[in-house]
Every structure is written in C-alpha cells, then in structure tokens.
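Fit chain U to the known structure of chain W by using the hints.
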Amino acid sequence: MTSAATGVVMADRRLQVRGEARSSTARFALWLAPWVLLLALGIYAGGLCLYYGLNQTNMNNRFAFGLWIFLDLGIIALGAGAFFTGFLVYILGRTELKPVLNSAVVLGFICYSGAMAVLMIDVGQPLRAWFTFWHPNVHSMLTEVTFCITCYLLVLTLEYIPVVLRNRQLRKLPPFVVFEHRMHLLMPVLAGIGTLLSFFHQGSLGGLYGVLRGRPFAFRQGFAIWPSTFFLFILSAVAVGPSFLMLVTAAARKLTGRKLVPSNVFPRLGFISGVLLAAYVALKAVDTLIWLNVTSPAVGFAPWEYYAYKPFGTTLLFAEIVVFGLLPAVLLVQGRWLLPGAALACCGILLNRFVLTVQTLALPTLSFDPFLSYTPSWQEVASFGGVVAYGVILYSLSYRYLPLFPQSKEQTHVSGR
Amino acid sequence: MKARYGMAIDLDRCTGCGACMVACASENNVPRLPKATERTGITPMLVHPVSDGKTGVAFIPMPCMQCEDETPCVKVCPQQAVELDRATGIVMQMPQRCLGCRYCMTACPYHSRYFNWWDPAWPAGMERTLNPGVAVRMRGVVEKCNMCHARLHAAEDKAAEAGKRQIEAADYVPACVESCPTGAIRFGDLNDGASEVAKASRTPEAFRLLARLGTEPKIYYTSKRAWVRALAERHPAGEPSQPAAPVAAGGGEVKHG
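If you read the sequences in order, they're chains W and U. So the first sequence is residues 0 to 416, counted in numbering that gives the first Met the number 0. So the second sequence is residues 0 to 256, counted in numbering that gives the first Met the number 0.
Simulated from the structure, these hints should not be mistaken for lab results. Glycine included, C-beta positions come from ideal geometry on N, C-alpha and C.
Here are the computed distance ranges between Cβ atoms for each label pair:
1) U/54 <-> W/374: 28 to 38 Å
2) W/313 <-> U/68: 25 to 35 Å
3) W/306 <-> U/56: 24 to 34 Å
4) U/131 <-> W/49: 24 to 34 Å
5) U/210 <-> W/49: 33 to 43 Å
6) U/134 <-> W/125: 14 to 24 Å
7) W/173 <-> U/134: 50 to 60 Å
Take a look, some chain W residues computed to stay more than 10 Å from chain U by CB distance:
8) 251
9) 285
10) 342
The shape of chain W in the complex, shown without the other chains (with noise of 0.2 Å):
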C-alpha cells in the first residue's frame, strides 16, 4: 500500500464515530465508487443544461414543465420527515423518536438541497433567482415557495451543523463542543421555526397547482386564498415523511447489519404515518368528488374527459387513493407489513405528485388541442440521477463520520450483533 492510501486509511479511521464498528475504508469506497460516477454524470448533464440552455432538455412551450419539477415536488413531500419528527420531538415531546431525529434532519437536508439544485437549473436565468426576494409577487403560490423552501434549508442547515460538529475529531476543539451545546438549547425554536415554514412551503406546493385556474384538471376551490390542494399537500407530506424515515432507516439497517434504533421506533412511525394517511385520504376522496361534480363542470370541462386519454385513466385515480393511500394507511396502522406500507405510501405520494405535474399539462384546454406526452432527455433524468448520488454519497459519509444514530451502539449491543 502506499504512503498516500495509508493516510487515507488512517484519516477514514480517526474520523470514524468511536465504539462503532465501521467497514474497511477499501469496500466504503467501492460502496462509494459507482455513486461518484453518477454524480459526476448528473454533474455534466446539469453543466449542459447551464451552458447550452433549456434546450437540452425535451421540456417545450407546452410541456414547460418536465421530469424535475415532478421530482422536486416528489423528493420534498418525502423530506417532510425532518420537520415534523423534530415537531413531534420537541414540540409534543415524542421523546421515543429521538433516535431517528439526526438521519431526518440529514435526509431533509439531502432532499431540500438537492431539489433546490434541481431548481437551480430548471430555470432559465439562475442568477435572476434573488429577483423573486427583490420583487416579490406576493400574490404567487411561487413566491411563498421560494421564501419558504430557502428560508427552511438554512433552518435544516442550522439543525445539521450540531450533528456535524459531533464528529470526534472536532469534539477535540473546545469551541466547538461550546458551540455545539448553545446550538442544541435553539433546537426546539428551530424546530418551531422549520414546522412553520414547512407547512406554508409544503402547502404552497400544492397551491402552485390548485390556483390554475386556467387547467380545470388542477384547479380546486378552496378557503380563502388557499386552494384545497394546499391543505392536502400538507397532509400527504407528514403522512408520508415518516415512512420515507421508517424506509431509509431500514435500508441502513439492511446495508450495515446493524440495528441503529429501539425497537418501539418503527411502530411508532408507522402509526403516525398510517393515521394522518388515513386522514387524508378520507379528504383527498371528498376533494375529489367536490372538484368532479362541481368545480370541473362549473367552468365547462367535463371530468369524464380528463380520464379518456391513456395511460391515464380512472385506474390512475384509483390506485392513487385505494392502492396506495387507503392500503398502506391499514397496513400501517395495523403495525404487520410496516415496510410494504410504507414503500406504498411513498409511491402514492410521488404518483399524487407525478398526476398533478404531469397529468395537468398533457390534457387539452382548448377544444382544438391535441392531448401531449413528453419524454425526458437523457440530460434530464441524468441530472437528477446525480441529485440522488449525492443524496446516497452524503447520508453515507454522514453515517460513518457522524452520530446519526445515537443509539445504534446499545441496541446493537441489545440485541447482540
């Protein structure tokens, strides 16, 4: 071996978490291997996209919208877990999830950068992107959106930091540990703050859509100024956070032989998750009959159309609530199949989100339009490929550097492995 793969190794040893058994530095790196390479494909596709423009993409004037806002939309439903585990923590003191808090606040972090660099070459003129705080349109769903989302990866930034400085090696500065200290007395205003942000910017996500009033497919009543898709996507995004947390965590679990969390964790989970899934589908389904039978034909289309075109039809909206909404809310509640439950309600999440960006542009408005489909490019789903590497390459270097699961080393030592 050579001088400098040694210090590697040492240096991959010394910043490992202490009591912890690690794998060798040579297999995290084949572990680490194939995800660099995507991330350094996502990075050339998103560089294309920078330097030659949108048309890189199979975006159009039609289809202005594509793969990424779907995945946007999709991976910040699925981070919802950060905010409102820390919520049920330090809010309503659900003391017994405290060993997942860390591994959300790093999957939230990971889900709301990486769509934020999503966003960042989605638009056209990325260095225009502090005009919307210099002139903002508070009348947009996409104003509350922007101040929201940027406001709360800070505060997911703030939460972050204290993980990180509980690294051993920066233990050993005294400043630090000082600082460390005075960060986790702010947690619990952190967490108010970033459940407050949350709830606009997860809800404004839905009214994005729900204000069109010029797509009667999206287009929803509601109260006051906020469409009924703004409570529901609230709803479905701290239905599903938990189970993305429960998913993830079980990945880890799998991939580490570890046990890294009491056993009364997922149970947990999995009931607050089925619950407020339960809840929201019994709202998504009055929503839906109210938007078929009066919103829709209030402004003359009729919601028999919306379903005539393939592949989306009534099976769509069917799977969407019964399939994966009514199914995995039982089988969470019912505390058996956590793991299928969860996945299902994190598949329906992302096919809620998928219909609403999708479905909405590829249906006619006008009586002489032709029903749309659309394609990503390459360049598209390889830049977003590389949001999900980095994802997969910082949640790993979290979880050998850093306390992400503080109590993995007693409930390994519990349950003898």
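Same frame as chain W, but now just chain U:
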C-alpha cells in the same frame, strides 16, 4: 379615460395565409431558430387550422388573449415580470426581470406564452433588419404578444410631440392587424363603444375562447358558422357529457408562416 385594447377576429374572413405571423415575427425581432420544432419555436401570433371533420375548415389566429380578470400569468409570476397595464388593458411581459421558471406558461390555458429555449441568432447581415424599437430577448426567458407595445410607445410619443394627451386610433395598429390582407383582424379600444372592435364584440356571432374560465380575455372572434362558434368551449354549457364537435385539423397541428 383608460383604454382597453382588444381585437375582434373575423374567422370567416381569415384565409390562414400566415401573414400575421410573419409580420409579428418581423416587427418583434423574433429570431430564426433552425432547431426549433412547432413546440419549441416562438410564435406570439399563431394560426391554428381547425376542421368540422367534414368539409368545413377555419383558421384561428391566436395572439395572447390579454386576460382582464384573474389574469393567470400575472397572478403566478413570482417576481412581477408580468403585469396587467390598467391604462391600456395590455398584459405586459418584462423579459429583463423574467427568471425563466415557466410557471406562467403552465398557467396559461391558451398556450400563448413562449420560452426562449435557444440563444437568439440571425444569419450574417440579417441583424441589420432588426426593429430598433424592440429589444431582442435573451435565452432562458419567456415572451408573448404584447400587442406591439413599441408601436404604442411611438404613438404616445407622436401625441406628446403634438401636445395631445390621447393618441390617435390610427397611430396605434399592431403589425398583425396591419398585415392582414382580408382585414379579418380588427383592433381598437373596447371601452370606446363606437369603435369597430367594440361593435364587433357585441354581435351575436362574437365569442371568446374558454370564456367560462372567467379570465375575461380581450380577444374576440366572430363567425357566422355555428360549428366554429362551438370551438369557444370544450363543452357547451348544459352539455357536459358531449364533446365539442369540431376537431383540430391534422390532430391539432399548427400552421407556421
């Protein structure tokens, strides 16, 4: 008195020649985009051919509909790059402030907004043909028909030089209106009850596209043919279970000039 500029387009007179599209592109410095498709090109004025499925054919010139109420694009733009000018009723786009998020394009039910997917370019020497009164838009921003706003400015300048507060109606005519060989596109102030456009908008043959959405578009169409008027909505009021009879010619293909 505030103006409310609009159009009344006689679909029985429109021959689908595309002169309005060419005039619009020329007046507004729309670049030549060799790689553009019908879904990525820039056509602030676009003529849609439609058919009744038998022998009837019509052409529907579609500029921005200049929505007056609940204007979808104005409401959604996060940084006020789109505004409804209350003095003229024209929905203005400010490319200099546009982020290129394309939310306005998603919001527009008429698909009357266009994104600059490419850098604007002209063949060597063609730059000298550009209209000096209209700024060329850069890549990554949205644009649309603004009723040839540069011509409105010119008319206002002319009126100011003559010491007048109001422009002469004849001094402000958009390029598409001016170029139409059959006079199918009539333009003017809808608030002026005596104007030709206001009169045409009140005839029984007049209709607006998707009026039931409640966005109050200021582009009116007129036709004596019932099937053409039925194009206004996807489903006429009271007949929610029946599809509109006419279909787009060639599956909704659009005609490029």
